[in-house]
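A.B. asks: Protein chains in written order, with the UniProt record's numbering: chain A, 1 to 206; chain B, 1 to 206.
No lab work stands behind these hints, which were simulated from the structure alone.
Misleading hints may appear alongside valid ones.
Since the list can't tell identical chains apart, any single copy or any two copies may satisfy a pair.
[Unchecked claim] Simulated crosslink set (DSS-like; lysine-lysine; CA at most 27 Å straight-line): (1) K182 - K99; (2) K200 - K135; (3) K201 - K135; (4) K200 - K156.
Predicted model, so just to flag it, every value in this text is computed and none were measured.
2 protein chains.
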Amino acid sequence: MSVKERGLLIVLSGPSGVGKGTVRKALFSQPDIQLQYSISVTTRKPREGEVDGVDYFFKTREQFEQMIRQNELLEWAEYVGNYYGTPIDYVEKTLQEGKDVFLEIEVQGAMQVRKVFPEALFIFLAPPSLSELRKRIEMRGTESEDLIRDRLQAAKEELEMMDAYDYVVENDQVELACERIKAIVMAEHCRRERVAQRYKKMLEVE
Amino acid sequence: MSVKERGLLIVLSGPSGVGKGTVRKALFSQPDIQLQYSISVTTRKPREGEVDGVDYFFKTREQFEQMIRQNELLEWAEYVGNYYGTPIDYVEKTLQEGKDVFLEIEVQGAMQVRKVFPEALFIFLAPPSLSELRKRIEMRGTESEDLIRDRLQAAKEELEMMDAYDYVVENDQVELACERIKAIVMAEHCRRERVAQRYKKMLEVE
Numbered sequence: 001m002s003v004k005e006r007g008l009l010i011v012l013s014g015p016s017g018v019g020k021g022t023v024r025k026a027l028f029s030q031p032d033i034q035l036q037y038s039i040s041v042t043t044r045k046p047r048e049g050e051v052d053g054v055d056y057f058f059k060t061r062e063q064f065e066q067m068i069r070q071n072e073l074l075e076w077a078e079y080v081g082n083y084y085g086t087p088i089d090y091v092e093k094t095l096q097e098g099k100d101v102f103l104e105i106e107v108q109g110a111m112q113v114r115k116v117f118p119e120a121l122f123i124f125l126a127p128p129s130l131s132e133l134r135k136r137i138e139m140r141g142t143e144s145e146d147l148i149r150d151r152l153q154a155a156k157e158e159l160e161m162m163d164a165y166d167y168v169v170e171n172d173q174v175e176l177a178c179e180r181i182k183a184i185v186m187a188e189h190c191r192r193e194r195v196a197q198r199y200k201k202m203l204e205v206e
Numbered sequence: 001m002s003v004k005e006r007g008l009l010i011v012l013s014g015p016s017g018v019g020k021g022t023v024r025k026a027l028f029s030q031p032d033i034q035l036q037y038s039i040s041v042t043t044r045k046p047r048e049g050e051v052d053g054v055d056y057f058f059k060t061r062e063q064f065e066q067m068i069r070q071n072e073l074l075e076w077a078e079y080v081g082n083y084y085g086t087p088i089d090y091v092e093k094t095l096q097e098g099k100d101v102f103l104e105i106e107v108q109g110a111m112q113v114r115k116v117f118p119e120a121l122f123i124f125l126a127p128p129s130l131s132e133l134r135k136r137i138e139m140r141g142t143e144s145e146d147l148i149r150d151r152l153q154a155a156k157e158e159l160e161m162m163d164a165y166d167y168v169v170e171n172d173q174v175e176l177a178c179e180r181i182k183a184i185v186m187a188e189h190c191r192r193e194r195v196a197q198r199y200k201k202m203l204e205v206e
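So that you can see chain A by itself, here it is in the shape it has in the complex (with noise of 0.2 Å):
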C-alpha cells in the first residue's frame, strides 16, 4: 500500500551574480539537509575540481542537442555559449519517490519551469539592495544622491523580476539565506492543504 506523498520541486533562482551557487552549496553542505539537488547538464568545460555527475553532468553540444531534440530537459538555456539545462526524468522520478527536489537556476530557466511545474515553490534570492537602501536613506545627507538613486534603481528592477516568484529570499548573509530557504521548504511542508490531502489519502485507505 502506497501512501507516498509527492515531494516538492523547489527552484532557486535570481538575478546572474546574486550568489545563487554559494547559496546553494552552503544549502547542501549542511549535515540535516533532506533536499536532493538535481545536477544540471552543460557542454561548458569542467573547471579545476569540478567532477561529472556530481558537480554536472559534462556534455558535447552534439550531446545537449540530442536531449533538447528528446524533451528530455526540464529548462534550458544558451549562456555565454555554452548550454545549461535540467533533466526532466531525474526531477520526476525523485518527486514521484515522495523526495524534495531542489533547483538552482538562471532566471529564464525558472520561467521554463513554471510551466511544466505551476506547484514547485519558486524563490528568488534577491541581492541585499533593499537593506542597503534603508540604510542609506536613514543615513541621507552623509551619502550621495547617486548613490541611493542607483539603488533604488537596482530595487525597481528587483521588484520587477520577483513578481513571478512565491517567496523572496534576501543575500544579506550567506548563512541567514539557507536558514530562510529551510523554513520555507518545512513551512510548505505544514500547509493545509498539503496536510489535509495526507489526511484524505489516508481515509480513502478504509
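Using the hints, position chain B against chain A.
C.D. replies: Structure of chain B alone, referenced to chain A:
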C-alpha cells in the same frame, strides 16, 4: 521617516488536550524567539506558581464582563465556568510596532480572531494521530480493527476542524512542533507579496 512593517499575528489553536500550552511554553523558553506572547485575561484562580501579568491577567467576573461590554477583548470564551480572553489593545499596539504577536487560544476563539484579523496566520496544532494511523495501518493484522477505526474517526474529525487554518503542525514531538512554528513564521516573512510591499514602501519614499 517610518518604513516599519506591521507585525504578523500568529494564532496557535487546536483541539483541547493536544498540548497547545506545552508547545507555547517550549517555544517561549527558547532564547532566540522573536515573537511577543499576548497574555490572556482570565477569571479563574491562579494556580500554584502562576504570576499575574506573566501567565495571565487575573480578573474578577465583574472586571471581565466590563471588558466584554467595552469591546476590549479580541476574543473570549467561557470554559468550565471561567472566562478567558485576549485584550485587543496589546495585540494592536504590538503589531503596529512591527513585532509579531503570538496567541495560543481555543478553537472558538481562533474563529473570532479570524473575523477581526483575516490576515493573521492560523496554525492548527494536531495530535499525532495521522502518523499513528499510518503505523497502525501498516501493521494491520497485528492491531485490532477497533483501534484502527477509532484512529480513522479521530483523523476525520481533525480534518474537518483544520479547514479554517493556514497551516497544520503535528504535535508528535514538542521540539519538532516548535521548529515547525518558527519555520512558518520565518517563511511567511519571505512571502513575495510581503517583501514586494516592503520594496514598494521604500520606493515610494522617493
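A.B. asks: Give a verdict on every hint.
C.D. replies: Verification of the supplied hints:
1. In the homo-oligomer, the alpha carbons of K182 and K99 lie at most 27 Å apart both inside one protomer (14 Å) and across protomers (22 Å), since each shortest distance falls under that limit.
2. Proximity of K200 and K135 under a CA criterion of 27 Å is satisfied inter-copy only: 16 Å between copies versus 49 Å inside one chain copy.
3. For a Cα distance limit of 27 Å, the shortest separation of K201 from K135 across copies, 14 Å, qualifies, whereas the shortest one inside one copy, 50 Å, does not.
4. With identical chains, the CA atoms of K200 and K156 are at most 27 Å apart between copies only, with a shortest distance of 8 Å across copies and 43 Å within one.
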